[in-house]
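Those sequence lines, one after another, are chains A and B. For the first sequence, this note's numbering assigns the number 1 to the initial residue and increments by one for each residue that follows. For the second sequence, this note's numbering assigns the number 1 to the initial residue and increments by one for each residue that follows.
Because the hints were derived from the structure by calculation, they are not lab data. Just to be clear, a hint being listed does not mean it is correct.
Stated by the list, open to error - Pairs of lysine to aspartate or glutamate, DMTMM-like flavour, derived with a Cα cap of 25 Å:
{"id": "1", "chain 1": "B", "residue 1": "Lys161", "chain 2": "A", "residue 2": "Glu78"}
{"id": "2", "chain 1": "B", "residue 1": "Lys125", "chain 2": "A", "residue 2": "Glu125"}
{"id": "3", "chain 1": "B", "residue 1": "Lys177", "chain 2": "A", "residue 2": "Glu100"}
{"id": "4", "chain 1": "B", "residue 1": "Lys185", "chain 2": "A", "residue 2": "Asp51"}
{"id": "5", "chain 1": "B", "residue 1": "Lys173", "chain 2": "A", "residue 2": "Asp27"}
{"id": "6", "chain 1": "A", "residue 1": "Lys29", "chain 2": "B", "residue 2": "Glu132"}
{"id": "7", "chain 1": "A", "residue 1": "Lys126", "chain 2": "B", "residue 2": "Asp75"}
{"id": "8", "chain 1": "A", "residue 1": "Lys84", "chain 2": "B", "residue 2": "Asp84"}
{"id": "9", "chain 1": "B", "residue 1": "Lys126", "chain 2": "A", "residue 2": "Glu125"}
Claimed, not checked - To give a feel for the contact side, a few chain A residues facing chain B, derived at Cβ under 10 Å:
{"id": "10", "residue": "Glu33"}
{"id": "11", "residue": "Leu34"}
{"id": "12", "residue": "Tyr110"}
{"id": "13", "residue": "Leu128"}
{"id": "14", "residue": "Ile148"}
From the three backbone atoms N, C-alpha and C, an ideal C-beta is built for every residue, glycine too.
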Amino acid sequence: MKLNNLIVFLAEDDEDDRWLFEQALTDLKIKTELSMFKNGKEMMDYLKKTDTIVPHIVFLDLNMPIKNGMECLKEMKEDENLKKIPVAIYSTSSSEKDIENTFISGANVYINKPNNFSALKKVVEKVLQLNWQYQTSNLNKENFLFRI
Amino acid sequence: MKIYVTFNLDITCNAILEEQLNKLDVQYAINGAREIVFTKKLTEQQQLGLTTSLKKYGVEVIDNQKTELIQRIKDTINEMLKDDEANLYKVSSYLSDKLDYSYTYLSNLFSEGTYTSIENFVILKKVDYVKELIATTDLSLTEIAFRLKYSSVAHLSGQFKKITGLTPTVFQKIIEKRKAFKSNKA
Numbered sequence: 001m002k003l004n005n006l007i008v009f010l011a012e013d014d015e016d017d018r019w020l021f022e023q024a025l026t027d028l029k030i031k032t033e034l035s036m037f038k039n040g041k042e043m044m045d046y047l048k049k050t051d052t053i054v055p056h057i058v059f060l061d062l063n064m065p066i067k068n069g070m071e072c073l074k075e076m077k078e079d080e081n082l083k084k085i086p087v088a089i090y091s092t093s094s095s096e097k098d099i100e101n102t103f104i105s106g107a108n109v110y111i112n113k114p115n116n117f118s119a120l121k122k123v124v125e126k127v128l129q130l131n132w133q134y135q136t137s138n139l140n141k142e143n144f145l146f147r148i
Numbered sequence: 001m002k003i004y005v006t007f008n009l010d011i012t013c014n015a016i017l018e019e020q021l022n023k024l025d026v027q028y029a030i031n032g033a034r035e036i037v038f039t040k041k042l043t044e045q046q047q048l049g050l051t052t053s054l055k056k057y058g059v060e061v062i063d064n065q066k067t068e069l070i071q072r073i074k075d076t077i078n079e080m081l082k083d084d085e086a087n088l089y090k091v092s093s094y095l096s097d098k099l100d101y102s103y104t105y106l107s108n109l110f111s112e113g114t115y116t117s118i119e120n121f122v123i124l125k126k127v128d129y130v131k132e133l134i135a136t137t138d139l140s141l142t143e144i145a146f147r148l149k150y151s152s153v154a155h156l157s158g159q160f161k162k163i164t165g166l167t168p169t170v171f172q173k174i175i176e177k178r179k180a181f182k183s184n185k186a
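Work out the full structure: start from the sequences and follow the hints.
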């Protein structure tokens with residue numbers, strides 16, 4: 001049985017973090033197609049183009065120049081075409097307030113950036129698995145809420 | 001000399017199907033939805049032969065059996081979680097009894113087709129049920145724990161926290177605030 005590649009977007013301003021994320025995805029058994037953006041604006045502009053294939057999930061860093069993760073999240077949730085895309089926040093902040101605010105604004109997963117590569121791989125894999133189950137099984141998407 | 005032809009593709013395709021199916025010498029019926037029903041199960045050899053001979057005409061036999069079985073596994077798990085008596089069984093024996101396949105087969109098929117294991121799915125499904133009850137009913141955690149056969153509230157909260165990263169109380173608070181936030185905007 002063949003599973004299609006999962007389409008994944010990442011908005012992250014730090015070059016090293018982008019590279020690590022990409023390496024982590026390549027190492028997973030789950031096959032993915034990754035598009036990366038240097039800030040929120042780049043990603044939003046791309047998402048809003050009509051011929052863009054809608055990703056299965058987007059990962060958003062919170063602190064980014066020009067347009068930060070929170071602004072992207074809110075913009076996505078207000079857009080009819082984009083509001084259904086699951087959002088994983090990917091941040092170094094572990095402030096309870098940040099976490100709560102992103103969830104209330106519609107984020108599905110909050111990830112504290114792990115500090116080593118093998119933890120990163122595990123985390124990303126877990127998020128992709130969860131997301132897949134929420135897309136394909138009879139689970140309530142309103143309650144798709146995880147902190148990892 | 002030249003002649004011109006037009007096709008009625010439905011008739012053409014049905015004629016090809018019938019021609020190939022008749023070779024098998026079995027009873028069958030072609031349904032409207034491009035579905036072929038056999039009165040008796042085909043042998044593996046017959047199935048393979050049919051697939052090969054149809055391929056020449058660009059007709060693909062779709063292997064939906066596996067996808068369907070995965071769906072049946074999920075459905076059976078749902079049933080099991082909502083059924084008080086079934087809750088007493090082990091998932092593995094319940095599934096193999098109900099679906100009449102070995103658990104090893106089911107478990108491999110499931111992992112192959114869904115990126116995750118049956119065990120993980122069961123936990124996820126159970127937590128989803130807990131979330132549903134927290135978000136939409138006034139049941140207390142004690143009542144939810146009892147209903148879902150957790151040995152104690154502590155066990156329920158512990159599993160909930162382990163899987164979702166949130167305590168049931170925080171989850172409930174977030175869901176309420178989210179609803180308020182949405183209705184404020186509307």
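Find the hints from earlier in the document that the structure breaks and name them by number, from lowest to highest. When the structure is compared with the hints, numbers 1, 4, 5, 6, 8, 10 and 11 turn out to be violated.
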